[in-house]
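J.: The hints should help you fit chain B onto chain A, whose structure is shown.
2 protein chains.
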Amino acid sequence: MGSYIHAGGKIGVLVEINCESDFVARTPIFQQLCHDIAMHIAALDPRYVRREEVTPEMLEKEREIYSAQARATGKPDAVIEKIVNGKMEKFYEENCLYEQHYIKDESVTIGEMISQAIVKLGENMGIRRFVRFKVGEVSASASSSSDNGTAPASA
Amino acid sequence: MGSYIHAGGKIGVLVEINCESDFVARTPIFQQLCHDIAMHIAALDPRYVRREEVTPEMLEKEREIYSAQARATGKPDAVIEKIVNGKMEKFYEENCLYEQHYIKDESVTIGEMISQAIVKLGENMGIRRFVRFKVGEVSASASSSSDNGTAPASA
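Quick mapping for you: the protein sequence lines, in order, are chains A and B.
Sequence positions in the first sequence follow the numbering used here and run 958 to 1112.
Sequence positions in the second sequence follow the numbering used here and run 958 to 1112.
Bound-form chain A, shown alone (with noise of 0.2 Å):
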């Protein structure tokens, strides 16, 4: 489990990670990357855990859009296409969690620091959900993963 408050507590994130042991959770780098990423999620406000939690509706409707505006280049359809589904996963790659850079080193995503501590700790681990409050917004940003690929136990 992890927090963090931007300066001034405009801002505040609170999102869990779960792992296997309760060994692994109490460890420093485990909890420096719950925080890591609680600050990630406060500064790139992501709207998914991962790709999959992204709505039939959803994906449809950015479809439709990007396909309208590749059909109006006037290109052939197999290009069209192709822009479409660049566009798709860009759009991945802004709103899923799993799938954003890093906000403090964009050589990786957040989904690639994930593998790295699970190397580095020997264990599996997961973003399971995350709440994200601005001060003078109507409602939360929030998401939550179904499948986390790992048992819930501590975080």
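Heads up, some of the hints might be wrong.
The list treats identical chains as interchangeable, and a pair is accepted whether it falls inside one copy or across any two copies.
Think about it this way: if two alpha-carbon atoms lie no more than 25 Å apart in a straight line, the pair counts; the simulated BS3-like pairs of lysine-lysine are [to be verified]: (1) 967 x 1077; (2) 1018 x 1044; (3) 1047 x 1018; (4) 1018 x 1032; (5) 967 x 1091; (6) 1061 x 1091.
Because the hints were derived from the structure by calculation, they are not lab data.
None of these values were measured; they are calculated from a predicted model.
T.: Quick look at chain B alone, frame taken from chain A:
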């Protein structure tokens, strides 16, 4: 904004408390208040910020349960009504953050702690929303108050 992560990281809480100025939001008294209330939420797991948030359906359901219990005693209607009203007050006290007794000092409710802070800091404030994550649970308990009696400023 306050957060609290319970020892071992099994429970995490994020709470948004609004006041009127950044100046007050940065005071140690306000920050301690946010922390204390987050810790309280971790311990007592309230379901709502205020009684006004309890839905009519939920109220109806609770009232029916208490009525059935009271009627089973065979007492007169006027007494039953009193018993039911008393149990509803108890329900609010157990489930609404503002009406819960502070875990570290049962002589005050959370609402009274807020009132005392308003007097001490000379500024209106209110608890807007919170979320509580517990490792292993399916969905978070979260609540937000639409009427916090103060313009969203900073917390």
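J.: What label fits residue 967 with residue 1077 when the C-alpha limit is 25 Å: within, between, both, or neither?
T.: between (34 Å within a copy, 22 Å between copies)
J.: At most 25 Å between CA atoms: does that hold for residue 1061 and residue 1091 within a copy, between copies, both, or neither?
T.: Answer is within; shortest intra-copy Cα gap is 21 Å, inter-copy 28 Å.
J.: Pop the pair residue 967 and residue 1091 into one bin, within, between, both or neither, using alpha-carbon distances up to 25 Å.
T.: both (6 Å within a copy, 24 Å between copies)
J.: How would you classify residue 1047 and residue 1018 at a CA-CA limit of 25 Å: within, between, both, or neither?
T.: within (15 Å within a copy, 47 Å between copies)
J.: Using 25 Å as the alpha-carbon threshold, which applies to residue 1018 and residue 1032: within, between, both, or neither?
T.: Within one copy only: 21 Å inside a chain, 60 Å across chains, cut-off 25 Å.
J.: Pop the pair residue 1018 and residue 1044 into one bin, within, between, both or neither, using alpha-carbon distances up to 25 Å.
T.: This pair counts as within: shortest intra-copy Cα distance 13 Å, inter-copy 48 Å.
The structure shown violates none of the earlier numbered hints.
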